[in-house]
Every structure is written in structure tokens, then in C-alpha cells.
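Student: Use the sequences and the hints to build the structure in full.
Letter by letter, the chains look like this.
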Amino acid sequence: MSTTNNSAGNQDEVAKKKLGFGFWLCVTWLALMVFVALFTPLLPLKSPTSNFLDSSQGRPPYAPSWKHWFGTDKDARDVFSRTMHGARISLTVGFSAITAGFLIGGTIGVISGYFRGWIDRVSSFVFVVLLSFPSLVLAILLTSLIERSLLTVSLVLGLLSIAPVGRLARAATMQYADREFVLAARQIGAKDRHIIIKEILPNVAIPMSSLALLGMAVAVVAEGGLAFLGLSVEKGITWGGLIQLGSDASKTLEKAPWISFFPILMLFLTVLSLNFAGDRLRTYFDVKEMTL
Amino acid sequence: MRYYVQRVALAILLLLAVSMLTFGALNVLGDPLFNILGPVAGDVNNPDSIKMIEVAKREFSLDRPLPVRYAIWLSDFVRGDFGVTFSSTGQPPVSGVISERLPRTVTLVAMAQFFAIFVSIPWALITASRAGKVSDRISTLNAFFLVAMPNFALAVILKYVFSIKLGWMPLTYVADDPLRSRLFQMILPALTIGLPVAAVYQRLLRTDIITTLQQDFILLARTKGLSRPRILLLHALRPSLFSFITVVGLNTGALIGGSIVSETVFRIPGIGSTLVESVLRNDFPVVLAIVMIVASSFVVINLLVDFAYTLIDPRVRR
Amino acid sequence: MAGTGKAHLRPEGEALLRVEDLVVEFRIGRTGLKVNAVSGISFDVLRGETLGIVGESGCGKSTTGRAIMQLPRATSGSVVFDGRELTTLDKEEMREVRTKVQMIFQDPISSLNPRRKVRDIVMEPLNVWKRGSKDEQGAAVDKILEEVGIDPKRAAESLPHQFSGGQCQRISIARSLVLEPQLIICDEPVSALDVSVQAQVINLLEELKKAHGLTLIFIAHDLAVVKNISDRVAVMYLGKICEIGPSDGLYTKPAHPYTKLLLDSIPVPDPNVETRKVVIEGEPPSPVNPPTGCRFNPRCPSASDRCRSEEPTMREIEPGHFVACHHPLFGGDAPVTVRTD
Amino acid sequence: MSSAAPDRNEVEPLIETVELRTHFRTPRGIARAVDGVTLQIRRGQSLGVVGESGSGKTVLSRSIMGLLPRNGVIREGSVRYGGEEIGNRTPKQMRSIWGREMAMVFQDPMTSLNPVMKVGKQVTESLRLHLGMSSSEAMAVAEKIFRDVRIPEPTRRLNQYPHELSGGMRQRVMIAIALACGPNMLFADEPTTALDVTVQAQILDLLSEQIRDRNMSMLLVTHNLGVVAGYTDEIAVMYGGKVVERAPTKVLFSNVKMPYTEALLQSIPRMNQPSHSRLAMIPGRPPDLVNPPTGCRFAPRCAYARDVCVREEPPLVQAETPDHTFACHFPVGSAEYHERRVELNRASTTTAEVL
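Chains A, B, C and D, in that order, are what the protein sequence lines are.
In terms of the working numbering, the first sequence opens at residue 1 and continues consecutively.
In terms of the working numbering, the second sequence opens at residue 1001 and continues consecutively.
In terms of the working numbering, the third sequence opens at residue 2001 and continues consecutively.
In terms of the working numbering, the fourth sequence opens at residue 3001 and continues consecutively.
Honestly, the hints are just simulated from the structure, not real lab data.
Quick caveat: nothing in here was measured; it's all calculated off a predicted structure.
Just so you know, not all the hints are guaranteed correct.
[Said to hold, decoys possible] Below, a list of computed lysine-lysine pairs in the DSS-like style, where the Cα atoms sit at most 25 Å apart:
hint: 1; chain 1: B; residue 1: K1165; chain 2: A; residue 2: K74
hint: 2; chain 1: D; residue 1: K3092; chain 2: B; residue 2: K1133
hint: 3; chain 1: A; residue 1: K191; chain 2: C; residue 2: K2117
hint: 4; chain 1: A; residue 1: K251; chain 2: A; residue 2: K74
hint: 5; chain 1: C; residue 1: K2253; chain 2: C; residue 2: K2100
hint: 6; chain 1: C; residue 1: K2143; chain 2: C; residue 2: K2091
hint: 7; chain 1: A; residue 1: K191; chain 2: C; residue 2: K2134
hint: 8; chain 1: D; residue 1: K3092; chain 2: D; residue 2: K3121
hint: 9; chain 1: A; residue 1: K191; chain 2: C; residue 2: K2091
hint: 10; chain 1: A; residue 1: K18; chain 2: B; residue 2: K1133
hint: 11; chain 1: A; residue 1: K198; chain 2: C; residue 2: K2153
hint: 12; chain 1: C; residue 1: K2130; chain 2: C; residue 2: K2100
hint: 13; chain 1: C; residue 1: K2091; chain 2: A; residue 2: K198
hint: 14; chain 1: C; residue 1: K2130; chain 2: A; residue 2: K198
hint: 15; chain 1: B; residue 1: K1133; chain 2: A; residue 2: K255
hint: 16; chain 1: A; residue 1: K18; chain 2: C; residue 2: K2117
hint: 17; chain 1: C; residue 1: K2100; chain 2: C; residue 2: K2134
hint: 18; chain 1: C; residue 1: K2253; chain 2: C; residue 2: K2006
hint: 19; chain 1: C; residue 1: K2091; chain 2: C; residue 2: K2130
[Unchecked claim] In silico negatives: residues of chain B with every beta carbon more than 10 Å from chain A:
hint: 20; residue: L1026
hint: 21; residue: N1045
hint: 22; residue: L1062
hint: 23; residue: S1095
hint: 24; residue: K1159
hint: 25; residue: S1163
hint: 26; residue: W1168
hint: 27; residue: R1180
hint: 28; residue: S1227
hint: 29; residue: P1239
hint: 30; residue: I1260
hint: 31; residue: N1282
Don't be surprised by glycine CBs; every beta carbon is placed ideally from N, CA and C.
Tutor: Next up, the structure:
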């Protein structure tokens, strides 16, 4: 009810909002994943490429055991070790893609939302063109044409996030650019650059940064999809690739579901954590529902 | 009227830009000759290869400048001539491959979309009217789980549970089966794509309905003595559908993307799986045609969504 | 354009601000339709004077205020401030002029950046213009804050939302004062405030005006508030000024039928005053397609054929009291009975 | 609106509340939006509830009607309608009364009409529901009501959407919706605040005329003392969730008792004052409903407050004039009031001399 909100909102001690237990749980999981991704070579893991053939167990794949926590694949490679290594590419690509998207898309969005006019018209059209491709289709198109390295795959996914991020940044900027405090800044004689940096950015950057986690979730899933289709980083182990390996034949999936299910679990928990933490941050910063 | 004309004009402009981007990417980023001929293109010592290169260059006007090639390709494309596929077994026209496979993908995407919409609307209505209660919280958690499940992973899980373990659903798609069983075979692939999208729709629509329920006109409806279900359905739903409709349009892209994965996992020979195969085979004309068709239909769908908007919101009618 | 005349302007050079034939047009979206928010108005403000501008929503009063600041620039017309023509100044020159003309907005919450500390907000203008050392700036800001009744210590620690609406408006006023401007344009500064707080802000403005030798333009829809603070009042209707005069004279003896309608419409907080039945129905028409002739003619009880075809010009009916009406309620031809040949 | 009631004691009140309390659970604690309000509205009478934002006036009107959010609300006390207790009814039980017996007009006609529904449908909805009319019958009635509220071209208007109407027209539609089923009790919550002055007067005239013609009662919530002065029989002044003074309109304006009411009256600029007359101010700001001040809630802002005001909450007492109650230890006219008044005057003249 509006009347009570008004009277309560103005008072000095507005109740401190909390992020909650779930949020910190998610953050812990993400921190763990980042740790794993950063230090995989230093961790006491089995070699992800060695074949641990064990004649006593017959032909691989071997089911999970003390020796191989997540079991092994058809070539008797350790799924646990491979899954840990997979975190590396997934998280790196996810992180760099969304960073690139935010830097480029965010800048374009803020500038076009603030200045409007022809800059806005051009950038908006470019955004619409980029958004006219279903993102996976555009990703497939581009990755198919290039040497697929960590850098290029990140760049392609970064390119894909430019338009959605740019549009959000533009909308958020426009929402503030018309506010009277911006007008007030202009009429004390502040220059555009000053206004963008001091008045607009603090208001746009904080809500946008809470969307970064959600965006990263999208990028991680996209990388997984590309990898699943065999179109992500060519050399290296990825979660999507692992899942694909365990499911490409119905027989494999039936006999040794662990090969794909453990990477699925890791991927799921990571994406869930990114989504959940991002969503909590979004409500925490009171950002209106926006879809990336 | 003016509005419709403007929207259509914009859509045409978009399609042009999309085609330029696609054509440009394939011709600039990749080597078109390689894309057409594969490894043969690099084999300049073999007389047979040289001959093939000659033929390809003429066939695809590769000696002409890029804009001219684009114009030729575009005029062919709008007339339905998508060129020929590059394959070891003759050169069947791309249009044939497409017309055979496109209907399957369309069916799959439509089923998924239908499913997502008709699950999410009641789901959102119920949870929004019970916002904050235990059932709503559980449903929100469920939605989170679904959204966080990438569809290629969901496909693997569904396939494992329902086809392999329980045996309720067929494992694969058989192109020669009668229509009914083919539709049945598509249920699992459609669920794979539709479920996460349904969760996305539900979360969005739920929030919008809750916002609408806080509006004064809902209070006015209450003061008239209308019952709660009536207020929900007649007063709250329609004004809450605006962003839902936009998102349905935009998510068609996600569904098409999902169909690529789903078709690959469930082995449905649609254009999604064909796209992946062609990319891996470097089959340039097929990739070009599929990307163009997908992007164009996406543009058209969003155009239709814009028009649907005017049906729901009388304020944008001009 | 058959302008509404400039008879009411005082000799050039006397006024701090002189606005002539100001026109502001907006385009609505991409429909190609044009809104004539302000359609050729002229007025002036003397040094130390307070000019009130009243009118209903959509009459262009706020647009006028913003057009003086060149935010956005007017479509045509001239704005002379302190001897300088503002409409032709380039961006850099205009920035400098803006330090001498300041503006206060209606929504006190929205006019303060929600993510900056209040003291920083007030210091911002000094920062932009690099006036004085950090310490000098701080001292100036604290002095102003105290003057408007805000505790500088609290301001240094708090964000705008931790203050009430009335306090936020004081903070806005403080910000507009730090550059020591000559003219302050107040755009509905008290209409978002509670009655008890409204009086605080009006009194504060009066005090500050005396202390700093300010000139004010006070834009509002509340006639009583405008009367209280203004020396001279201009009544606007659909982008035009229909009457302008000293506030006491204009309120006791309105000459334009629209002014009279406005005054009669206000519910008086006294049950013994018989509520006058308002005879005029209808609402202001859209500024997209304004009526020809006198813009008030479709609602005016004294409208004649002449009013429908010919736009009235400003004329003096009492010393300092001007009206743009063919049939003013006094000082001109008697209403209704007059026929045009 | 002066109606000469025959003998006030004989007329049974249409609405009566006793110690009505409505509290909201907020993240900061319990907000006492309405905190023990007792009042009566007789048939054919209109009561004005005046107060600033956060005084609880809107919540009071919604609480009487039973129109509160479902979660986080605590409502206590009694509400009687036509002698029957309705304070304990659930919204579901209230539905037969809403629209038919009681109706409400909201502040902003822009947001109170369903933007995607033709106004005709919005008017006929309750007619069809409560009176079981067919769609064509209801349309005919709606057209007549549109004429009553002076909407030009009613037939055409019925087929329009709210955004196609002007602000004043929308508010007339709102009134038409409220009047549709011929209710006895009308709640008008700031019905003219969002409108322009010239339109405001038209709507107020229309409301009072309809109330009179249909012999309805009205509770008019507003912050504008001018509106209550001209259009109500009685006034209740609210401050911090409580009614602090209540009297027939004429009595209140001529014989004010509560210093808050007096200060409120003096702080509005008047048309008949010369310009630049200094306005009386109330220092500070309205009280926090979560942590209201102890004693009299106005004490921290009151020029006449003494120690006892901060310690003890003044009870609502009868004034010498009939039907006039107020809650103040040192009302306007009391010896203590005069004593302080003299001090204040002296203080202000000395400051004036110094200046």
C-alpha cells in the first residue's frame, strides 16, 4: 500500500536488506570453482589424459570407485580429473566473454542512451541486427569460420553479449538521463563527460554489475552448448565436450551414465549458483526484472 | 496503419543487414573456395583439383567482387534457389534438403513454444496469486533449477530417464513413421527445449502479474465486488502480458538454438542438426541457407509479435 | 504568428531577464505531430523581482522555465539575460551563463543523485568550476547547508533518501545557491510537499531571496502559493500568456475570463465562503492542435466571432496590469455585448 | 453541502467505527497507520478526513471498507455498517457489499482504470455481477449514469479505452463506476488531487450533487482544507494515525481547538492575504508511524507543548460546542495556550527588533 511505503521509506533507518544464506552458499561454490579453475595444474589430480587401464576390472568404462571418484570413460581416463580441468575453459570463456560484452556493449549502451540522436539510432540498429540471429546460430556460424582457441571463442561469445548488454545499459541510462538530477548537473555547467562519469555511471554500473553474474551464466551455458556440438575450443577439455562424449551413443549413456552425469552436475551447480547469486544481487540492488 | 508500414519496412531493412552480415562473414572470415571445395581447394598441383577450382570459381562467381557476388546470391536466394550442396555424393540442390528438413524443425519449435506458453501462464497465475507463500517459494526454486539446466544437459538426462531407463519414450526419430508416432517421438525433444523456457516465462509473467495486482485498477475491481479468479483472469492477466509477448518472441531464438541441440541428441534430421553437420563438413551453401532462413523467420516472428502487441494493448494502436 | 504582443515589457536594459516571442515545439515520437508547448510568449523580470507563472498542466509553464535555461533550446525567440542573448550562445558560453541562472525542480527526490552523499551533491557545482581550495569549498558548502537548515555533518554521511521530501528540497536549494546565481527558476518547488512543509520552503525562499539579493521565477499551479511569493504574476493558457500584472491587483481584479475561472475554481478553506458553482465545463484542449484566434475561446463565456478568428494582443488596463483579451472583464469593451463589424 | 438533519440522535449512523486499528508489518517494524479511530457517519452526511501524507487517512478509508492487502496487516476494533458488524468479515464475505453498498473513487484516474478494457465494460461489470443484468440492459444503465455524471456523447464514450479520455473524463468514469449499483456509502480518496484546478471544481461539484440526489453518505479523504471546507458536513483531522480533532465543518473552521489543526490552517497561503505575507510554519516533519513519539504525537512539533504532552497522551474530549471533540492537553483558548502565545509573540517581536 502506497501510503505506508511513503512514510516508511523516508525515515532514517531503512531496514538493511539481506542477501541471505543461499547467496553465500552459491558464492562459496563459485569461489571453489574459480579456485579449481585457477590452480588445476597445481592440484594433486590424476592426469586427465592418461589411460588408467585396469585388467582386473575388464574393459573400461569403469564405474565410480575410491580410485576414480567419478569413474572413467571408455578410454579409462579419470572423469573426476577431466571434470576439474573442464572448469578451466568453461569459466575462463564465460568470464572473458561477459567482460568483453560489458566493456564494449556497456560503453556503447551508455553513450547511445545518454546522447541519443544518430549515435543511438546507429547502435540500436546494430543491436537489432545482432539480435536477429538466435544466439546459438550466430555462435555456430562464427566459430565454424575461425580457428577455435580460448581467445577466439571468448571473443565470439563476447560479441554475442554486446547487444543484450548494450540494450540494457542503454535502457538504464535513458531511465536516469531524463531524471532531474542529471538536468540539475547540466545546469550547474557540468560537461557531458563529467555527467556520464559522476552522475550516470554510479547509477547504471551497480545494477548492471548485478547482472554480470546472470550474463556469465548465459555465457557458460553457451560455451557448453558449442562444446557439446564440437564447436568450442579445439584443444582442451570442456564440460560440454565431456557431456557429449558420455552421451553420443545410447549404449554409452545406458552403460556408463556417470561419464556425462558428473560434468552435468558440475555445470548445473555452477550455472545455478551464478543465476541464484545474480538474482539475489539484482533484488538486493532493486534492479527491475530484466531479461538477458 | 503507419505503424504497421514502419514495422514492415524496418523488418525488410533488418533482413538485408542480416543477409549481408551472414554472407560477409562466410566470405571474409572464411575462404569461400575452401568452404565450397574443402581440402581440394588447397591442392593446386593436382590437375583435377585445378579443374574443380575453375568450375567452382565460375559457378560461384568467385572472380567477381564481393558486392556483385552478394547481389547474385541474394537474387537467387529470394527466388528460392539456394545453390547446391557440397558433398562427395553428387551435388543435390540445397533447397531440396531444406524443404525436406525444415518442417520437422518447425514442428519441434512450435511444439516446444506451445508447451512453454501453456504451462507457464497457469503456473504464473497460480503462483502470483499466492505470492510469498510456501507453494510459491517451492515453485520459484523449481523454476531456478530448470533455468539453470542447459538444454543439452537436460536432453541427456531426459533421454536417459525416459527413454533408456523407463522406456516410456522412443529413443530416436524415424523419418518414415506415420505422422502420429513421429509427433510422439518429438515430445521429449520438445520438452527438452520447452521446459527451461517455460520456467523463464513463468518467472517473468509472475513478476508482472504481481506488479499488476498492486495497481489501483485492481483495487477498483475489488471494490466492485469481483471474485479473485475473475480479477486475475479478466483484469490482471491481459495488462501483464506485454513483456511476456516480447519475451515469447525473443525466446523463439532460444528455442531454435535449443532445437539444434535437441535434434542432435535425439537424432532428428531437422535443419538444426543439418546446420551442425554442414558446419563440421564445411558445406558453405547449406550453412548460408540455413542461417538465412533461421534469421529471417526470427525477424518475421518478432514482427508478428510486435503486431500481437497492438492486439493486447490498445494504447499502441494508432 | 499573430503574437500576443509585447506591450507589457518594461524598457530594455531595466530587466535582468527579457524573453521575447519564445516558441518551443516538440515532436511526439515519430508520428510527425508537433506540440506547440510554448507559442510565442514575452515577459521580463526586473532585478530583485519575483515573477510567478501559473497555469494548468500542459500550458507550457515548465517548458518556459527550461527554455530560459536552453534545456532544450527554444525553437525561436530571444532570451536576453543580463544583457546577453542566450539563444545564440555556443555550448561553452552557455555553460558559463548557467552558473548565474539556476533551477529548482518539482520532485525533490528525483533531483538528487540517489547514490551520492548529500554534501558532495551540494559541493558538485564548486567542483565543476574548481572554485577555491577543497577547504574553502567545504566551508562554503557547510555555510549554505546551515542556511537552509540542514546539518552539514549529517549531510556528509547521508544519501538523499535518508532525508524527507522537504529536506531534499532544501538540499536542492542549497545546491542551486553555492554558485551565487542571480536568477533562480523554481519549477513547482513545493507541489510535492505536505502542507506543513510547504510553508517552510516558501518562507525559506523568501529569506534567501532577501539575503542573497536573488531574482526569482516561480512556476506553480497553485494560485495561492504563487500569489504569496510573487510580485508579479503571469497566467498561461495553452502556451500563451493571457494576463500579467502585479499579484495583488491581478488576484483581486482579474481581467481575463480564464484568470477569473481559475480563481473561482479554487476551493477556499473557509466554509462560510459560498462555493461558487463553476459555470464553465470542459478541459484545456490539446496543444497539438490549438484553437484559432484566442486559444481560450471554446471555453470562454464571453467569446465572440472576433475571438474565434483574431488573436488578442496584450494591452494595459491598469498601470502594470496587462491582458490579452478582446473582451476583458474590466478596462476594455464590455464582454459579450460587443459586436465586431 | 448543508443538510438539516432532523434530530441527530434519532438517526442511526450508517457507518460506525470503534477503536479501529490497522497496523502493517514492515521490515522496520509495525507501522501504526491507523491507531484507534472512533467515528460515525450518518446517512446523507459527508465526513471529510484531512491529514498530511502518512497521517493514515487513506488507510482509514480502506480499512473501513475492508479493502486491505492480504498479507502483513493487523486490523482490530469494530466497524459497523447499518448496525451490522463487518469488521471481522473476510474479503470474500465483503464482496456482496462492495460495489453494491459501498464504492470507492480513487485519486488518480490514470492508474485506477484498467488500461486494456473499454470503459463501458468497466462500468457494466458490477451491474451484471450484482444486479444480474444482461449485457444490453447494463449498457443502457451505464449510458444513463454517464449522462448523470455529464459525460458528453455517452454512447461513443462507452466504447472507448481510458487512454482516449481526458483526465477529467476519466474521473467522471470512475464516479460512474462507483455510482453504478446505487451504493449507500461512497469513499472518495483524494478524488481531485491529480486533476487541474478548473477540472477539480467540476468534479467536486458533481460529487456533492450526486451525493445529495442519491441520499448517499460520503467519506472524503483529502489533504486539501479548501476541499473539505466547501464539500463536507463534518471534518475529522488525522495526525499520526489518530483522529486529533473532529467537528462539524463550520465549527471547526471558526472554533478550532487542536493546535495542529490551527497550525495547518495557518500554514496554507490564502488568496485574500497580500503577497509576501509570512506563512506560519510547523517545524519538523510528520511522525514516524513505526516509532511514534510518546504522549501526544504532535508534541515534538507543537509550539504549545509542555512536559505533560510528551509524557501523557491526551484523550479525545468533548468541546463546549456540540459534536466537537479534540485530543489536546492545552487546546486553543485554554489559559496555558494564551500564556505561551504571549511568550511566543514577545519572542517574535524581539527578534524582529533585533533584525
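Student: Hint by hint, say whether it matches the structure.
Tutor: Verification of the supplied hints:
Taking the CA atoms of K1165(B) and K74(A), the gap is near 21 Å; set against the 25 Å cutoff, the hint holds. At most 25 Å may separate the alpha-carbon atoms for a hinted pair to count; K3092(D) and K1133(B) meet this at roughly 19 Å. With a C-alpha separation of about 20 Å, the suggested pair K191(A) and K2117(C) falls inside the 25 Å cut-off, and the hint holds. As the CA atoms of K251(A) and K74(A) are separated by approximately 11 Å, the hinted pair is consistent with the 25 Å bound.
Between the alpha carbons of K2253(C) and K2100(C) the distance comes to roughly 35 Å, so the proposed pair goes past 25 Å and is violated. Taking the CA atoms of K2143(C) and K2091(C), the gap is near 31 Å; set against the 25 Å cutoff, the hint is violated. A hinted pair counts as satisfied when its Cα atoms are at most 25 Å apart, and K191(A) with K2134(C) qualifies at roughly 20 Å. A distance of roughly 23 Å separates the Cα atoms of K3092(D) and K3121(D); the hinted pair therefore holds under the 25 Å criterion.
Distance restraint check for K191(A) and K2091(C): the Cα-Cα separation of roughly 10 Å lies within the 25 Å cut-off, and the hinted pair is therefore satisfied. Distance restraint check for K18(A) and K1133(B): the Cα-Cα separation of roughly 19 Å lies within the 25 Å cut-off, and the hinted pair is therefore satisfied. At most 25 Å may separate the alpha-carbon atoms for a hinted pair to count; K198(A) and K2153(C) meet this at roughly 22 Å. Between K2130(C) and K2100(C), the direct Cα distance comes to roughly 16 Å. Compliance with the 25 Å bound is thereby established for this hinted pair.
Restraint check for K2091(C) and K198(A): satisfied, since their Cα atoms lie roughly 20 Å apart, inside the 25 Å limit. Restraint check for K2130(C) and K198(A): the C-alpha separation of about 15 Å stays at or below 25 Å, so the hint holds. Restraint check: the Cα-Cα separation between K1133(B) and K255(A) comes to about 42 Å, which exceeds 25 Å; the hinted pair is violated. Distance check on the hinted pair: K18(A) and K2117(C) sit about 22 Å apart at the alpha-carbon level, within 25 Å; holds.
For the suggested pair K2100(C) and K2134(C), the alpha carbons sit about 22 Å apart, so the restraint of at most 25 Å is met. A hinted pair counts as satisfied when its Cα atoms are at most 25 Å apart, and K2253(C) with K2006(C) qualifies at roughly 21 Å. Restraint check: the Cα-Cα separation between K2091(C) and K2130(C) comes to about 19 Å, which is no more than 25 Å; the hinted pair holds. Residue placement check: L1026(B) does not keep its beta carbon more than 10 Å from all beta carbons of chain A (closest about 7 Å).
No beta-carbon of chain A comes within 10 Å of the beta-carbon of N1045(B); the shortest separation is about 25 Å. At the 10 Å boundary, the C-beta of L1062(B) stays outside the reach of chain A, the nearest C-beta of that chain being 17 Å off. Even its closest Cβ contact with chain A, about 19 Å, leaves S1095(B) beyond 10 Å, as expected for a residue assigned away from the interface. A beta-carbon of chain A comes within 10 Å of the beta-carbon of K1159(B); the shortest separation is about 7 Å.
Distance check for S1163(B) against chain A: the nearest CB is about 8 Å away, which does not clear 10 Å, and the non-interface claim fails. Against chain A, the non-interface label of W1168(B) holds: every CB pair exceeds 10 Å, the least being about 15 Å. Listed as outside the interface, R1180(B) is consistent with that label: its C-beta sits roughly 23 Å from the nearest C-beta of chain A, beyond the 10 Å cut-off. At the 10 Å boundary, the C-beta of S1227(B) stays outside the reach of chain A, the nearest C-beta of that chain being 21 Å off.
Its beta-carbon lying about 16 Å from the closest one in chain A, P1239(B) satisfies the requirement of being farther than 10 Å from that chain. Against the 10 Å criterion, I1260(B) falls within the reach of chain A, whose nearest CB is about 6 Å from its own CB. Against chain A, the non-interface label of N1282(B) is violated: not every CB pair exceeds 10 Å, the least being about 8 Å.
Hints 5, 6, 15, 20, 24, 25, 30, 31, counting from the list given before, are not met by this structure.
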